[in-house]
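Kindly generate the complete structure, drawing on both the sequences and the hints.
Here are the chains, one letter per residue:
There are 2 protein chains.
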Amino acid sequence: MSDALFSPELDANDNDDLRGLVEHFFASRFSTDNAIVTEAVKRMLSAGGKRIRPRITLLAVAACGGRPAEHLSLAAYMELIHVATLVHDDVVDNASTRRGVNATAVDYGNRVSVLAGDYLFAWIFKNVTAGYAHPIPHVLSATLADICDGEVLQLQALGNLNLTSNEYVEIARKKTASLFAASARCGAVTVGASEEQTRALHAFGEYLGIAFQMRDDVLDMTADERSLGKPVGNDLAERKVTIPLIDALARSGGDFRAVVRRFYEGDSPDAIPAIVAGIREFGIDATRRRIAGYVEKARAALEPIAASPAKHELSKLADALSGAPGESNGQRRTS
Amino acid sequence: MSDALFSPELDANDNDDLRGLVEHFFASRFSTDNAIVTEAVKRMLSAGGKRIRPRITLLAVAACGGRPAEHLSLAAYMELIHVATLVHDDVVDNASTRRGVNATAVDYGNRVSVLAGDYLFAWIFKNVTAGYAHPIPHVLSATLADICDGEVLQLQALGNLNLTSNEYVEIARKKTASLFAASARCGAVTVGASEEQTRALHAFGEYLGIAFQMRDDVLDMTADERSLGKPVGNDLAERKVTIPLIDALARSGGDFRAVVRRFYEGDSPDAIPAIVAGIREFGIDATRRRIAGYVEKARAALEPIAASPAKHELSKLADALSGAPGESNGQRRTS
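Line order of the protein sequences matches chains A and B.
Letter 17 of the first sequence, counting from 1, is numbered 17 in our numbering, and no numbers are missing.
Letter 141 of the second sequence, counting from 1, is numbered 141 in our numbering, and no numbers are missing.
Hints are computed from structural coordinates only; laboratory data are not their basis.
Watch out, some of these pointers could steer you wrong.
DSSO-like cross-link-like pairs, simulated, lysine-lysine; straight-line CA separation at most 30 Å [stated by the list, open to error]:
#1 B:K42 <-> A:K126
#2 B:K50 <-> A:K126
#3 A:K42 <-> B:K50
All of these numbers come straight from a predicted model, not from anything done at the bench.
Okay, structure coming up:
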């Protein structure tokens, strides 16, 4: 692996090198005596994803004057925390909620999925506590607590059509943006950045993460099935209350709300196309304005960071989230 | 809470004070914004258990010249790691494996059980990384990796009648004894014990943990259902290959092996009483001799530790595992 691979000039849309880097790290460093655990984790890692979290870490390193090539492990741990949460996301509640789940639980059973995810969390913390001084292990464990808290809040909010946009943002901040923020913060901390730089990059990551989650929700309503890797409207099928739905409910008439309520009270997927159409009509534009607002906050958060190619790349990461509807973020499930 | 509660003279059979202490710590310190997670964890903690792991930590502290009352949090984390693994043990593989599971997964569903356990792991590491210097966070995360590895090995060994006693011991060392060893080691480390003392207490915990697991297996075959909190022979129903079964298979004739094999190939619980009787006849005495051997190793491991009431209590903890068959370890499920 050459330094060039990790140069801050790396184009924001060309993730192949970064992906290869994380894969290489994983293949050469991740191992367990247990073939089932290793296989379950490697499958999840190879299923796709843009490796945006390690990318944020390496760009934060560079933006604070460090050399990204010297911090590959730290960056990879950010992706592995994400992968471990995906392994656990796949655990299913008996047959009724088996739809839409990934391979781990189906192939190996829930118990192995749980243990594989636990093992991965433990393996990450075992390595992080051996290799990194305070506060990095603390930042990562606090982030994991936030992620779990956000996911439980999301479960509790399933089917709640009265969920407010503020409540939605709080869930997105915990379940998604906390790891983006930690990815940026740890990159800054590990190269001894100032408190001001660290706070700035943390804030950047948090705003970026919220925009990323909102963009993810929009793609579920607008992208084509092939680029999405799953049916359009899958969030509806799972009874998630996403931000385009919240925005559509606030802007549509009573008829749309009645259709949505009937769907959420019953279980007929026949209504999904009509609801998707309603969300596209009433909600998507408002959500896009929200995304643009968080992208702007993310860019503004970078103000204390000195100009550099890496800072420019971070801004471009944010800008990409305000892109045109056709620009898929890639395979969404493992984004 | 007075210091007297945690005096090293505390009788080894009187766990009420220690239990109250952990409960108090938990009630006053453990909190999440999420009522479901808090409730799931508190239910598991209040379901019983002897709090043997925090007890080992506090006795190790005292045996190395420290004051147990100053290390309550560290001791409580040992119990909480155990509780988090129990929450995840309850995750079920659809209806077929729902038998014998505890309340969390049944009441809240698998997803909440997984997230509650994850949250608890994260909460523990968040606090441990904030409050304790290297190597304690590293010891605990490495221990969690061992536990997961041991549990996967146990899953893979289900129904394998060719499992050797050495393979069994390796599983028990990882899934059970590693946390006993870590509980003792962390008590020593946190009061600045010498390398020799730390190694001695670690070895003590490991031998004690192996004996504890073997004793647990014996109780499944010999205790009455009331003291056990579940049907006798439950390990058989789960197709676990426990050490009394391994010992019985090695000492019985071919008839017993044939009965066991038919039971493990089929699914009729009718054969359980006959298998339990066979294990009692052929296996229990041999397993008791193994337990006595590990108890002796545990006592011998303490040799470098200076005589003290705490050292005496640690020896008594080990001796209690060689007790008469009627002496239940208490509610086994959450031991």
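Point to revise | Structure-inconsistent hints, enumerated in ascending order | key: 3
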